[in-house]
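Engineer: Sequence:
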Amino acid sequence: MMTMKRILMLSVAATLAIFTITSQAEEAVKSTEDAAKGGEVMTAETTPNTADDKNKTDAATEQAKQDVPEDSDQVKKLIALHPKLISRIAPYGKVCFDGEECDINITVLAPAVEGEARPGDMLYKAICATCHDAGLVGAPKFGTADWAPRIAKGKATLYNHAINGFNAMPARGGADISDDEVKNAVDYIISQSQ
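When the letters of the sequence shown are read in order and numbered with mature numbering (1 follows the signal peptide of the UniProt record, and there is no 0), they come out as residues -25 to -1, 1 to 169.
Mixed in with the good hints, there may be bad ones.
Stated by the list, open to error - In silico lysine-lysine, DSSO-like type, Cα no more than 27 Å apart, as pairs:
hint, residue 1, residue 2
1, 100, 158
2, 116, 130
3, 100, 128
4, 116, 158
5, 52, 100
6, 5, -21
7, 51, 100
8, 116, 128
9, 158, 130
10, 59, 100
11, 59, 69
12, 59, 128
13, 128, 69
14, 69, 5
It is worth saying that the hints were derived from the structure and are not from the lab.
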C-alpha cells in the first residue's frame, strides 16, 4: 500500500512538473509573438518616408532600450550567494577605437636629450606604470606597502633588479633606456612608496 502511494505521488509530481514547463514555454512563445506584433518589420512598403514616421521609429527604438529585462529571482539569488560573481565574469579589457573617448591613458615617452637622463616620474608613467599600477604578474603596486620589504634590501639591489630584470620583470622594464634613467625611475618609485 505504501509503495502505491509513493508511485501515485511521483506521478502527480511528474505531471505537475510537465504542466509547469509547458505553461512556461507557452508564456515565452506568447510574449515573443506579442513582441513581434508590437514591433513593425521594415519592408520596402513600410520604410518611413516622412519625418513623422521616422520620429515614431526613433520613439519605438528608445522604448525598446528602456524595456531592459530585470534579473530573475534565480540570478538575484546567485548574486547574493556569490558577491564576487559579477566581478569574476566581467570583461578584463576594453577595445578603444580612433575618435572615441577611452578610459586608458597612454603616456608617450619624450625622446632623450643626448647625455641627459630623463626624470623618474616621466619614465615611471610611460614604462613602469603598465605593471606596477595594477600589480600585474606579482609586480608590487606603486605607492603601497608592497615596496617596504624591497626597499629594506637596499637601493643597490633594486637598481640591479630593475636593470637586469627580476622574476617576471624584464630588464629595464622592457624599454631601451640608460642605467641612469632606470635609477631615476627606481628613485621615483621609492620616494612615492615611503
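Engineer: With reference to the structure, classify each hint as holding or not holding.
Structural biologist: Hint-by-hint comparison with the structure:
Pair hint residue 100 plus residue 158 holds up; C-alpha atoms about 15 Å apart against a cutoff of 27 Å. Only pairs whose Cα atoms come within 27 Å are accepted, and residue 116 paired with residue 130 is accepted, the gap being roughly 18 Å. Taking the CA atoms of residue 100 and residue 128, the gap is about 24 Å. The hint holds against a cut of 27 Å. With a C-alpha separation of about 18 Å, the suggested pair residue 116 and residue 158 falls inside the 27 Å cut-off, and the hint holds.
Restraint check for residue 52 and residue 100: the C-alpha separation of about 42 Å exceeds 27 Å, so the hint is violated. Among the hinted pairs, residue 5 with residue -21 is inconsistent with the structure: their alpha-carbon atoms are about 37 Å apart, more than 27 Å. Taken as a hint, the residue 51 and residue 100 pair is broken in the structure, with Cα atoms around 41 Å apart against an allowance of 27 Å. Distance restraint check for residue 116 and residue 128: the Cα-Cα separation of roughly 17 Å lies within the 27 Å cut-off, and the hinted pair is therefore satisfied.
Restraint check: the Cα-Cα separation between residue 158 and residue 130 comes to about 9 Å, which is no more than 27 Å; the hinted pair holds. In summary, the hint linking residue 59 to residue 100 is not supported, as the alpha carbons are separated by about 30 Å, beyond the 27 Å threshold. Taking the CA atoms of residue 59 and residue 69, the gap is near 20 Å; set against the 27 Å cutoff, the hint holds. With a C-alpha separation of about 36 Å, the suggested pairing of residue 59 with residue 128 is violated against the 27 Å cut-off.
About 38 Å separates the Cα atoms of residue 128 and residue 69, which puts this hinted pair outside 27 Å; it is violated. Restraint check for residue 69 and residue 5: not satisfied, since their Cα atoms lie roughly 37 Å apart, outside the 27 Å limit.
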